[in-house]
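Student: Sequence:
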Amino acid sequence: MDKVLLLYSGGLDTSVMVKWIQKEMKKEVVTLTLNIGNSNLDQIREKALSLGVSDAIVMDVKKEFA
1 MDKVLLLYSG GLDTSVMVKW IQKEMKKEVV TLTLNIGNSN LDQIREKALS
51 LGVSDAIVMD VKKEFA
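With our numbering applied, the sequence shown closes on residue 66, and no number is skipped along the way.
To be clear, the hints were calculated from the coordinates, so they are not data collected in a lab.
Fair warning: this is a prediction, and the values are worked out from it, not measured in the lab.
One should not assume that every hint holds.
[Claimed, not checked] With a cut-off of at most 27 Å between alpha-carbon atoms, the simulated DSSO-like pairs for lysine-lysine come out as follows: (1) 47 x 62; (2) 3 x 19; (3) 63 x 47; (4) 27 x 3; (5) 47 x 23; (6) 47 x 26; (7) 47 x 19; (8) 47 x 27; (9) 3 x 23.
Sequences and hints are given; from them, build the entire structure.
Tutor: Structure (structure tokens):
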């Protein structure tokens, strides 16, 4: 199965996109959340996993965007 990488905020829009890609495009979804100082990253990652993504990556980019 082909994979799609989705930049994921954990909000309604990107959560709907996860399910849409899975259902309509028949693709495996991997989410990427960029840590720019957020405090709820574990919750965001768990939410993505609960939607059935194959992987939920959190990348620390605070130095790059400081």
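Student: All hints, please: hold or fail.
Tutor: Hints, verified against the model:
no.: 1; hint: 47 x 62; result: holds, 22 Å
no.: 2; hint: 3 x 19; result: holds, 13 Å
no.: 3; hint: 63 x 47; result: holds, 25 Å
no.: 4; hint: 27 x 3; result: holds, 6 Å
no.: 5; hint: 47 x 23; result: holds, 18 Å
no.: 6; hint: 47 x 26; result: holds, 20 Å
no.: 7; hint: 47 x 19; result: holds, 12 Å
no.: 8; hint: 47 x 27; result: holds, 18 Å
no.: 9; hint: 3 x 23; result: holds, 13 Å
The structure fails none of the hints (numbered hints given earlier).
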